[in-house]
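Here the protein sequences come in this chain order: S and X.
Number 135 in full-length UniProt numbering belongs to position 135 of the first sequence; there are no gaps in the numbering.
Number 764 in full-length UniProt numbering belongs to position 764 of the second sequence; there are no gaps in the numbering.
Calculated directly from the structure, the hints in this document are not laboratory data.
Mixed in with the good hints, there may be bad ones.
[Stated by the list, open to error] Here are the computed lysine-lysine pairs in the BS3-like style, where the Cα-Cα straight-line distance is at most 30 Å:
no.	chain 1	residue 1	chain 2	residue 2
1	X	K808	X	K895
2	S	K136	X	K808
3	X	K896	X	K652
4	S	K136	S	K111
5	X	K387	S	K136
6	X	K387	X	K128
[To be verified] Listed next, the stretches of chain X that the computed footprint assigns to chain S, with coverage defined by at least 3 CB atoms under 8 Å from CB atoms of chain S:
no.	stretch
7	34–48
8	668–679
9	783–789
10	838–847
These figures come from a predicted structure and were not determined experimentally.
Note that beta-carbon positions come from the ideal geometry of N, C-alpha and C, so glycine has one too.
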Amino acid sequence: MAQHFSPSADTLFRAVLAGLALLLLAGLAVMLALPFTPHMTRRNDTVEQPVQFSHAHHVGELGLDCRMCHQSVVQSRFAGMPPTHTCMTCHSQIWTEAAMLAPVRQSLAEKEPLAWKRVHRLPDYVFFDHSVHVAKGVGCSTCHGPVQSMQQVYQAEPMTMGWCLSCHRDPAPHLRPREQVFDMDWTPPPDQRARGEALIRHSMIETEHLTDCSRCHR
Amino acid sequence: MPPVSGPSLGRRQAALGLLASALTLTSCGEPAEEIIPYVEAPEGQVPGLPRRFATTLALNGYGRGVLATCFEGRPVKLEGNALHPASLGGTDAFTEAAILSLYDPDRSRTVRQEGRPASFEAFLSALKPRLAALEARGGAGLHLLTGHVTSPTLRRLIGRLRARFPAAQWHAEEPVDERNALAGAEAAFGQRLRARPRLESARVVLTLDADPLGPGPEQVAHARAFAARRQARRGREAPFLRLYAAEPLLTNTGAKADHRLALRPWEVRDLAIALAARLGAAVAEPDLPPAARRFLDALAADLQAHPGEAVALAGPWAPPELHALVHWINVRLGAPVDYLPAPEPALPLAPLAEALRDGSLDTLLILGANPAYDAPADLGFGEALGKSRALTIHLGPWRDETAMLCRWHLPERHPLEDWADHLAPDGTASIAQPLITPLHGGHSAATVLGLLGGRDGLDAHAALRETWMEAWGEAAFEPLWRQALHDGVVAGSAAVPVLPPAPALPDLPPAPLPPGLALLLRPDPMLWDGRFANNPWLQECPKPLTRQVWGNALLLAPAEARARALRDGDLVRLRLGGRELTAPVMLQPGMAEGVAALHLGGGRQRAGAIGDGIGANAYALRQDAARWMLPGLELEASGEQAELLRPQEAHKLEGESTRLLPTLSLEEFAARAAMPPAEQPQPASLFPAVGGQAGAAWAMVIDTTLCIGCNACVLACRAENNVPVVGPEEVAARRDMHWLRIDTYHLGESEQDPRPGFQPVPCMHCETAPCEPVCPVAASVHDAEGLNVQVYNRCIGTRFCQGNCPYKVRRFNFHGYADGQEYANQGDPLVAAQRNPEVTVRGRGVMEKCTYCTQRISAARRAAAREGREIADGEVQTACQSACPAQAISFGDLKKPGSAVSALRREPQHYALLEELNTRPRTTYLAQARNANPALEDEA
């Protein structure tokens, strides 16, 4: 009776076994790494918005302050999205007929709010507060990136817990004086470490508590 | 062949299912979220920041001020209004739970005619011709039925209605009313006067079948006054109140009494007569049992030794002659009591039932009353209403038993959606303002009364402004109105007490001993008269003293039950006056023998998905002439058993009750207070030290002397922290979710004298927490401020922490109680609107527990950080603390010198629960201080 398997079958079988094991490991590695890839964190993804609002134009070219529209950023956990009325304070005077602004005019006329798509999203179990970060010298651009040059807003940072903790563990490299928080062109000076340490003392940041679970989760 | 168990998947279906799961996995992002800004931002509204508004809620017509916290126009939490005399910043269980009833999915949404949806216009066209005909004959046949009304606006509109229809009749019915008290005052003084004791000025208080610290419109004010006189503090010289209680049924007041005697109601009457005789009344002193005589001897001496500072009280269920006698005693003692004139009474319910039956009734408008459920059974009100051919109109927020029997039902706005005004028990007026656009439309009582008074389209806001414009004058109106809305109280509007004439002694014929067992009816501590039956928070909240949830029971003294061979949970048939009712028996230590007690409020049939069929309906036995005590009760065991749900048994602590909740006499306290505070060295621990250099060290101290067991804190915790309802089946499986419970210990030595003590138990936030080292995923960890935190998104549900917690404060989500597997209708999106956005809604398989309201700490910390300052002492108020009417709970920073908690921790009666375990809890207690009368103490 002829043999069922050729002599190479054994090698093939071993190779397949090794391959399966490798595949399993590779799969595991992919699964572990996947949440941190831009694909999953949505970093650099732009989102289609109901109005083609350009931060590059309004902030970069016209020089509007962040707080013009995101009014509650200094008082509340929520930075605030402008009511339609805020858009129309200017756009009832300029670009009154622009087709791009039709949804805004319609919103005001029909009293139907605009529905913006969220770009920066944190999980529900994270309780983030804009006002405290602003009060303690974390600038807008530290987390939101160069918004002044964005045609369409995208998420510039990964917004993962590890990324949050990188600053909560060592805030000094990221802090700036209170009056430069809304400066979108701020770059750290050469002696940032020393300045940051001084700012920590000045604004009474209790660094040893910044990594408590209860800071962000409750 | 049909499948044996459940539907099985075909191969094709299974393949499709797999494909679907695979697709879900590859695209496992969450759906896109939207941000919806305003079109025009409301004035003063900052997104993400809560706003607080003052308004008023009423119980039995009496207003209690509340401050409502609203997120983006959505009220989520009610707290007390410190400016309001019936709230003083505290709340009670009913106030705390009112927020959930706003979002009750069972609320009525449409006008109905004969049960079918109709329009308000159709109602108007049915009513208008009637009114014209009624007007032609002066209103004969027009009847109005309300609850107890204090509202100046509603009274004004009712006055207009009666001006237009002089022959119209106004009836008022409250199942828990003041008729006995007012009749007693009339017998004593010849005037209808409401007596309001000033407990804050009393040193000796005697309650004769009264429960001033129990549920009711004045609970909060009484509890605060009582607490003010029961402060055992080092170096404080103020007198300490002594409380005597004689009562048939154990009440919250009886539980707090220094001396309590269980007496049958007729023996309480005898005690009062004997006391009057001792005080010089021309009455024969009746024979008293030896225990009562001894009690009386000590009591009479004590009362007489404190003229001007001693007061006796009788409850709303006490007979009129006892009230009259108490008035006589109080005047003789110069007691601190205010007498307020009571307004002219409306007619009672009985003539209305008669008019329904004899056909003389033509049109009936029912506002805020539910007589088809809560009228005494012998009036046969429901039957008469159902058979009546008159035009019957019901206005109410729920389609309840009465609504089902009326021709027309109009949905009423919830009190938190409407304008109204109410008087507090001391006469202070306050204005209720709407906190939210009416969820289901609905109508106001003012609109309907306006309609009958000839004012079409009157809305509550306009009616209110008219009333107060009349009172204040047009010129001064606007600023006063704004101030009243802002403060939640009309300044200086309290009624002026009158000086009563010399009281007459009532006729006190010797009362015949009632035959057999006497049935006592009492309002339910959680459901009141049954109106709150559809509120699952209240249904699931353990009743003080009985600890029962989801139902009521016939309470019997243990000796009485044994004599009848009845055990806990035996179902018995109650027979009385030809009527019958089935209820389970519960043995209640401290009850007098010869009486049985049943709480009102059970057995609703049209309460809604929550309240229907829970408990036994005590109204089925009630009689109009004998509302509170019905002699001649017969009991017959049915041979069946019912399960009594009492959650405390599931969270029992290991130890002697006298060690878990120690009591010390005032003398012991004074002796210990005279010594300097001793710092006890802490035993060594293997745990790492807790806390950092900077930041706070949060701690809580609970004074058990002051806790009256009212459950306001339990419900405040539930409302603040999104604690879900689990339902009776899960409670039976010992899975209740309360983060804060009130353990009740019987510290007395006998069944007749249980001497109960209340001990609220939140998480202890142990510094060396046994729950932490056993967690395999570090979901139970400490933060730097000493909080033992539970990280929900780490928790994998091993429940090791729960098993290792000696205080039994951890609760596990066996199901998605708040997240997909809700009890009954609580998965309705409307209910989700109540949830506090500052707190996570926990999912299935997650452990949870008290967090010290970490969201409030965080809010205070963030506010302080924004403003560049430190958190002030008292700035963080936990939900339980701010609810407590007696201010028994203190919370603050141990590190802050001079903080309230650090001072309380140095008090001589300070102790930690299960201290011997060296858990170093941050929640600690002050032991109960008891002000015993030495004359009653020696022999016991």
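task: Quick one: see if chain S covers the stretch 783–789 of chain X, three-plus residues with Cβ-Cβ under 8 Å.
output: holds (count 5)
- request: Would you check the hint for X:K387 and X:K128, treating anything up to 30 Å between C-alpha atoms as holding?
  value: 23 Å, holds
Outcome, coverage hint (the stretch 838–847 of chain X, chain S; C-beta under 8 Å; three residues): holds (count 3)
query: Between X:K808 and X:K895, is the straight-line Cα distance small enough, at 30 Å or below?
result: 28 Å, holds
- prompt: Okay, the stretch 34–48 of chain X and chain S, do three or more residues pass the C-beta test at under 8 Å?
  reply: With 11 residues in contact (Cβ-Cβ under 8 Å with chain S), the coverage given for the stretch 34–48 of chain X holds.
- prompt: Is it true that the CA of S:K136 sits at most 30 Å from the CA of X:K808?
  reply: 40 Å, violated
Coverage assertion for the stretch 668–679 of chain X with respect to chain S, Cβ distance below 8 Å, three residues required: Since 0 is below three, the answer is violated.
- prompt: Does the alpha-carbon distance linking S:K136 and S:K111 stay inside the 30 Å limit?
  reply: 37 Å, violated
task: Compare the distance between the alpha carbons of X:K387 and S:K136 with 30 Å, and conclude whether the hinted pair is satisfied.
output: Given that 30 Å is the threshold and the Cα spacing comes to 72 Å, the pair is violated.
query: Would the pair X:K896 and X:K652 pass a check requiring their Cα atoms to be no farther apart than 30 Å?
result: Violated, at roughly 34 Å.
Checked against the numbered hints given earlier, this structure breaks hints 2, 3, 4, 5, 8; the rest are met.
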